[in-house]
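Peer 1: One-letter residues, chain by chain:
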Amino acid sequence: MNSLRLLPRRIFAFVARDFRLFVSYRMQFFLRIILILAVVTTLFFISKIFAGFTDPQFSQWRDPLASWLTGLAVLNYFMTGFSSLANSIRQEQMQGTLESVLLTPINLPTVIVSSSAWDFLETTFFSFLYLFFGRVFFGVEYQGSFFLAVVFLLLTTVVLACLGILSASFAMVFKRGDPFGIFLGAGSALFSGVFFPTQLLKTYAGPNLGNISLILPTTHGLQGIRQVLIEGHGLAEVTQPLFILLGFLVVLLPFSLWVFGRAVRRAKREGSLIQY
Amino acid sequence: MSAISIRNLSKTYPVSFRRLRAFFRRPVKDPVEALRDVSFEVETGEIFGLIGRNGAGKTTLTKIVATLVQPTTGSVSVNGHDSVEQDELVRREIGLSTAEERSFYWRLTAEQNLMFFARLHGLSDSRAKQRIKDLFAKLELDEVAKRRFGELSTGNKQRLAVARAMLPSPPVLLLDEPTRSLDPLAAARMREMIRSFSGEDPPVTVLLTSHNLAEVETLCARVAIISRGSIRALDTPKNLRALTSDSEMVHITAAGTNGTFKTSFTRQHNDDRLDEVIKDLQSQGARIIDVETERATLLDVLERYEATDEHG
Chain A
1 MNSLRLLPRR IFAFVARDFR LFVSYRMQFF LRIILILAVV TTLFFISKIF
51 AGFTDPQFSQ WRDPLASWLT GLAVLNYFMT GFSSLANSIR QEQMQGTLES
101 VLLTPINLPT VIVSSSAWDF LETTFFSFLY LFFGRVFFGV EYQGSFFLAV
151 VFLLLTTVVL ACLGILSASF AMVFKRGDPF GIFLGAGSAL FSGVFFPTQL
201 LKTYAGPNLG NISLILPTTH GLQGIRQVLI EGHGLAEVTQ PLFILLGFLV
251 VLLPFSLWVF GRAVRRAKRE GSLIQY
Chain B
1 MSAISIRNLS KTYPVSFRRL RAFFRRPVKD PVEALRDVSF EVETGEIFGL
51 IGRNGAGKTT LTKIVATLVQ PTTGSVSVNG HDSVEQDELV RREIGLSTAE
101 ERSFYWRLTA EQNLMFFARL HGLSDSRAKQ RIKDLFAKLE LDEVAKRRFG
151 ELSTGNKQRL AVARAMLPSP PVLLLDEPTR SLDPLAAARM REMIRSFSGE
201 DPPVTVLLTS HNLAEVETLC ARVAIISRGS IRALDTPKNL RALTSDSEMV
251 HITAAGTNGT FKTSFTRQHN DDRLDEVIKD LQSQGARIID VETERATLLD
301 VLERYEATDE HG
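Residue numbers (my numbering), protein chains in the order written: chain A, 1 to 276; chain B, 1 to 312.
It should be emphasised that the hints constitute simulated quantities derived from the structure, not laboratory data.
Since this is a predicted model, take the numbers as computed values, not measurements.
Do not rely on the hints blindly, as some may be mistaken.
To be verified - Per label pair, the in silico range of CB-to-CB distance:
hint, chain 1, residue 1, chain 2, residue 2, range
1, B, V32, A, F125, 46 to 52 Å
2, A, G261, B, N239, 43 to 49 Å
3, A, G187, B, E88, 34 to 40 Å
4, B, P184, A, A38, 54 to 60 Å
For every residue, glycine included, the Cβ atom is placed at its ideal position computed from N, Cα and C.
Taking the hints into account, I'd like the entire structure generated from these sequences.
Peer 2: Put into structure tokens, the structure is as follows:
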């Protein structure tokens, strides 16, 4: 109960710390903004190649630039949800600070949630920039309920955070060589429909490879967000991806927490909490 | 109730994936036995010393008390809280200072570092600021408060580690070589501060591990000697020295009719031999210039146990 009461304060402590570390590398911040602008501009020109040639059956891809920008912005966010938990543990291990953090009356789940908080703030800003530059400089129009889009964004991020907890558990025990990272990192860009419709996978790569996209939460999250922001669908029309994501959550949340608890106990038994 | 209670504590570091390695016929190391049936109590307000060679088990013991490592068997309790079952409560009661430089954020200032840890301890910002200010004054860190940790001297890093341990005013302090990188003056002040802990209200209990045996001898009410994971002796420094030898060598420098001369002899603690020799010299017309005694030190005690262990 006390831990819960102190949670906001602890999250603030980590955010303040990471903000100070972030501003100590100012150059990186400006370079990243320039990079995003360059990517958006490049995608604008590539999208012009496809102007008027989009297959009408892919309704979300009528404006490829809008699809790419939502895809990149959301993928950026999803990947943070997935990777920041494991990264926060690994970074503290590599810096040598994990032990000193764990010496405070704070439990490991709180450390993970708190230390990834800044990542989410940072990613929210940079993901927003994709959409902002698209809208301001290249006239990309978004429609539908932003609230519903945010619901999809949060739900998918939480589902991916469950996989992130599994990934953090893996980092805790094996230190390196996380299979979840490889599977989701490489798989999401290819199989989730970030750059092209997932239906094309089935057409050109066969149903077996095409169906991989169905088992990735990112596919359903992206589909839902695009249905809302690009096609302007309401809640009644997006129940399918919504329920699929909820299904992922119901299964993955208790399982990932159970695995994480086991991993922490093992690391404490082996005395390898700060090894990397 | 003891501040720290350690009962039948053993710790063997298991070898990860031992069976899997064996299955693939990879070389399998033996598990490392770091602690074996360790038991002792540290009373509230006591400064308790733990000495031993590198790899003797001091760090493992400290980490178990600090809840960072789980024991294989046995138990540790701090102010009545079990280190495994009530680890969060134990961490509220302790402050650990190690000589590990990497435990701070190098790009944050000394003040920012402490502020971060103060918030994790649940201190309000105003209370944390005041506490940090007080600690910086106490540990003479005011001048480097705004400097990045990476720019601090080794001695200041060491002092900052002690300041961090004291941040939440814990009733139990675990100090691992608190004076290792300090200059002689700063080390003396640090020792004075540690000595003052027992007089605070409420008194602070200190578990001190150090390779500086003179420091342990000066500060600690009781000392445990740990060797190869076992406590080999536990007593007051005086009694420990007496374990090795209850005799001392006395060197007397005197001036006689033929000039200055030295004489040495061995005596038992508190016997009359010194009086007799001095009277004898004076009766011969000699003037006593200097008397030096050479007693067994904790180093002799430590060496004795190490030698016993090495030769079985």
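Peer 1: Confirm or reject each hint.
Peer 2: Consistency of the hints with the structure:
no. : hint                        : verdict
1   : B:V32 / A:F125: 46 to 52 Å  : holds (47 Å)
2   : A:G261 / B:N239: 43 to 49 Å : holds (46 Å)
3   : A:G187 / B:E88: 34 to 40 Å  : holds (38 Å)
4   : B:P184 / A:A38: 54 to 60 Å  : holds (59 Å)
This entry satisfies every hint, going by the numbered hints stated previously.
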